[in-house]
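Peer 1: Two chains, each in its own frame: build the complex with the hints.
Line order of the protein sequences matches chains A and B. When the letters of the first sequence are read in order and numbered with our numbering, they come out as residues 186 to 301. When the letters of the second sequence are read in order and numbered with our numbering, they come out as residues 36 to 150.
Just so you know, these hints were derived from the structure itself, not from any lab. Any given hint might turn out to be false.
Here are the in silico distance ranges between beta carbons for each label pair [stated by the list, open to error]:
id	chain 1	residue 1	chain 2	residue 2	range
1	A	Lys-226	B	Lys-61	18 to 24 Å
2	B	Lys-104	A	Thr-202	48 to 54 Å
3	B	Leu-110	A	Ser-239	39 to 45 Å
4	A	Thr-202	B	Gly-75	19 to 25 Å
5	A	Thr-267	B	Asn-53	46 to 52 Å
6	A	Gly-238	B	Pro-43	41 to 47 Å
7	A	Gly-201	B	Arg-89	50 to 56 Å
8	A	Val-188	B	Glu-52	29 to 35 Å
9	A	Ser-268	B	Gln-49	48 to 54 Å
10	A	Thr-299	B	Glu-52	34 to 40 Å
11	B	Ser-93	A	His-270	41 to 47 Å
12	A	Ser-258	B	Glu-90	35 to 41 Å
13	B	Gly-94	A	Ser-239	35 to 41 Å
Not everything, but these chain A residues come out facing chain B in the computed CB check (under 7 Å) [claimed, not checked]:
id	residue
14	Ile-278
15	Glu-289
16	Gly-293
17	Gly-295
Covered by chain A, per the in silico footprint, the following chain B stretches (three or more residues, Cβ under 8 Å) [what the hints assert, rightly or not]:
id	segment
18	69-81
19	137-143
Glycine is no exception: its CB is placed at the ideal position from the N, C-alpha and C atoms.
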Amino acid sequence: GAVVSQHPSRVICKSGTSVKIECRSLDFQATTMFWYRQFPKKSLMLMATSNEGSKATYEQGVEKDKFLINHASLTLSTLTVTSAHPEDSSFYICSALGTGGWYEQYFGPGTRLTVT
Amino acid sequence: SQQGEEDPQALSIQEGENATMNCSYKTSINNLQWYRQNSGRGLVHLILIRSNEREKHSGRLRVTLDTSKKSSSLLITASRAADTASYFCATDARGSGAGSYQLTFGKGTKLSVIP
Chain A
186 GAVVSQHPSR VICKSGTSVK IECRSLDFQA TTMFWYRQFP KKSLMLMATS NEGSKATYEQ
246 GVEKDKFLIN HASLTLSTLT VTSAHPEDSS FYICSALGTG GWYEQYFGPG TRLTVT
Chain B
36 SQQGEEDPQA LSIQEGENAT MNCSYKTSIN NLQWYRQNSG RGLVHLILIR SNEREKHSGR
96 LRVTLDTSKK SSSLLITASR AADTASYFCA TDARGSGAGS YQLTFGKGTK LSVIP
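Next comes chain B alone, as it looks inside the complex (with noise of 0.2 Å):
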């Protein structure tokens, strides 16, 4: 089964409401970190979260993540037309030991702010 896995699959909100997205994985990780990708592009890294925070915050972003349950959420407040995108977390593969740093990603929100 894969690590990573998002809900909701998609999100449609009108411009100003809040999205909140969310993410559960199986393994134990060290970090969490939240991708955007804009149709057809790259992945823009957005925040990484460490195994012993709990929440973080960047601008209209904010993070948690609850290592008891495996999950994190993603929440884009004030929403925009241009945070239309497609987010993906992304957890990395070790565990307590030292590992390749290789990241897993989940199948992804796809969010459309309506304006």
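This is chain A alone, in the form it adopts within the complex (with noise of 0.2 Å):
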């Protein structure tokens, strides 16, 4: 139980298109989902919290009209980094929370993002 989804694995785009990638809580329903960025050999750094029906929280220095976020359903989150730029490039993950007591996470496989 408890398996998030995320797609695509890895996607190359060039600087300026948009893409979006999806987050899907496969066996479970997750009102609310987070967004992580990860760089090489680095920790995960929280961009968003995503709660189903209103609309992210974003961190501080995250730029919202960059990295947008729509938690549509309760089993889907998506994330689409318009007009990417090569430093955009980086390993994006979402987790959504459980519903037991003490919230644990489950995060998705990630995704590999670059832009050239």
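Peer 2: Encoded structure:
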């Protein structure tokens, strides 16, 4: 149980284009999902908290117009990197908040974005 | 400064040996979690220890929590080559009240188990 998938696993795009990454909770409903970014050999940095049916809450320093988040259903959140630049190249990981008493987060396998 | 600092940053051991990784944090927590990440992959949840717990076991994993010292340790016993990965501790950002359940991750310990 508690499986989270991400699609695509890898994407290469040209500078200036937009890329959408999907995060799905496969066997449970997640009212809250999180989007993280991880640089090589670094830790995860929380970008935003996505709540179903409402606007995402972005962390300080994260541009909400650049990283558009839509949590339209209880099993799907999407992150769209708009007008991508090479510095947006990174490993993006989503997680979904479990419904157990201590709110464990279940992580997706990540998406490697390369902007050329 | 960053919540959840692990040490050592890198650890290399022989198969069969025990591996101990430490994590320190700065603010009050409700729970602390340990995750494993294989290179270029997502995170796998290993174990969660609550703030009112001092020790927890799961298979070959043993986690301790000392809230007075704001520290935790992860012990992997009888290590295997397949344990090679990066290990992260993560703390929730909540205080005593309700919050957003956000996790703050440390920088991780890269463990290499040599066959």
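Peer 1: With a Cβ-Cβ cutoff of 8 Å, does the segment 137-143 of chain B contain at least three residues near chain A?
Peer 2: holds (count 7)
Peer 1: Given the hint of 41 to 47 Å, is the C-beta distance from Ser-93 (chain B) to His-270 (chain A) inside that range or not?
Peer 2: holds (42 Å)
Peer 1: Taking the beta carbons of Gly-201 (chain A) and Arg-89 (chain B), is their distance inside 50 to 56 Å?
Peer 2: holds (53 Å)
Peer 1: Should the hint that Thr-299 (chain A) and Glu-52 (chain B) are 34 to 40 Å apart at their CB atoms be regarded as holding?
Peer 2: Taking Cβ atoms as reference, Thr-299 (chain A) and Glu-52 (chain B) lie about 37 Å apart, which means the hint holds.
Peer 1: Take the C-beta atom of Lys-104 (chain B) and the C-beta atom of Thr-202 (chain A), compute their distance, and say whether it sits inside 48 to 54 Å.
Peer 2: holds (49 Å)
Peer 1: Would you say the C-beta atoms of Thr-202 (chain A) and Gly-75 (chain B) sit inside 19 to 25 Å of each other?
Peer 2: Between Thr-202 (chain A) and Gly-75 (chain B), where Cβ atoms are some 23 Å apart, the hint holds.
Peer 1: Could you check if Glu-289 (chain A) really has its C-beta closer than 7 Å to a C-beta on chain B?
Peer 2: holds (6 Å)
Peer 1: Using the beta carbons of Ser-268 (chain A) and Gln-49 (chain B), state whether their distance is inside 48 to 54 Å or not.
Peer 2: holds (49 Å)
Peer 1: Tell me if Gly-295 (chain A) is really an interface residue toward chain B, meaning its C-beta lies closer than 7 Å to one of theirs.
Peer 2: It holds, given that the least Cβ distance between Gly-295 (chain A) and chain B is near 5 Å, below 7 Å.
Peer 1: Gly-94 (chain B) and Ser-239 (chain A), beta-carbon distance inside 35 to 41 Å?
Peer 2: Holds, since Gly-94 (chain B) and Ser-239 (chain A) (Cβ atoms, about 39 Å apart) stay within the stated range.
Peer 1: For Thr-267 (chain A) and Asn-53 (chain B), compare the CB-CB distance with the range 46 to 52 Å and indicate the outcome.
Peer 2: holds (48 Å)
Peer 1: Under the criterion of a CB-CB separation shorter than 7 Å, is Ile-278 (chain A) in contact with chain B as hinted?
Peer 2: holds (6 Å)
Going through the hint list in order, the structure satisfies each hint without exception.
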